[in-house]
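Keeping the supplied structure of chain A fixed, place chain B upon it in accordance with the hints.
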Amino acid sequence: AQSVTQLDSQVPVFEEAPVELRCNYSSSVSVYLFWYVQYPNQGLQLLLKYLSGSTLVKGINGFEAEFNKSQTSFHLRKPSVHISDTAEYFCAVTPTGGFKTIFGAGTRLFVKA
Amino acid sequence: DTGVSQDPRHKITKRGQNVTFRCDPISEHNRLYWYRQTLGQGPEFLTYFQNEAQLEKSRLLSDRFSAERPKGSFSTLEIQRTEQGDSAMYLCASSPQGENSPLHFGNGTRLTVT
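In the order they appear, the protein sequences are chains A and B. With the working numbering applied, the first sequence closes on residue 113, and no number is skipped along the way. With the working numbering applied, the second sequence closes on residue 1114, and no number is skipped along the way.
Okay, chain A solo, but in the shape it has when bound:
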């Protein structure tokens, strides 16, 4: 079985500041890793994914994430946030060879002017 822990439920940050949203996972098998974003009153959409290869992956809107196998982490970062980045961010894992995607509880990012 897999589980995902997002260490911060809320992250307030000022506009143009850097941000890191933390995600740790637990799994007895290899997994694919994803970050999804949910803007207010919208459905979840894919931000970025790690399947294999380079551990640093880049996504939409200037976000990137780094896979750390030894620490079972997949933290999301952005060097300079905008007001429009205010949203809820979900880390998720899918076991290789499987189909069930497991989500963390989410981190609500508030970007303040």
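Just so you know, these hints were derived from the structure itself, not from any lab. It cannot be assumed that every hint is accurate.
No more than 25 Å apart at the CA atoms, straight line, and that leaves these computed lysine-lysine pairs for DSS-like [claimed, not checked]:
hint, chain 1, residue 1, chain 2, residue 2
1, B, K1057, A, K100
2, B, K1071, A, K100
3, A, K100, A, K49
Chain B regions said to be covered by chain A (calculated; three or more residues, Cβ under 8 Å) [claimed, not checked]:
hint, segment
4, 1022 to 1028
5, 1047 to 1056
6, 1094 to 1103
7, 1106 to 1112
As the structure is a prediction and not an experimental result, all values here were calculated from the model. Glycine included, each C-beta is placed from N, C-alpha and C at the ideal position.
Below, chain B without anything else, positioned relative to chain A:
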């Protein structure tokens, strides 16, 4: 790609009534999922279809919940004898064949049981 469509967007019902939600996936996607999301939580897996076959149903899911995907196209999720604890956002997602394919979500159906 017209996206995943869910209907209705909102449903208010009285406890004990039955409700049915519909999901139209992206047409070329053969995988379809239902998730439930409550306030402050991430999406929780409910069930999964590959084409018309329901391959897994969450053990946490009550027998009052049933889902179908006739002909491998749209899907319906029915909740019988609704309870207040069923109040949540019900999300549908689809994906193409391929174990590493990300999910494409609809905007969800918000259910309120009074």
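(message) Checking each numbered hint in turn, tell me which of them this model violates, lowest number first.
(response) As far as the earlier hints go, only 4 is violated by this structure.
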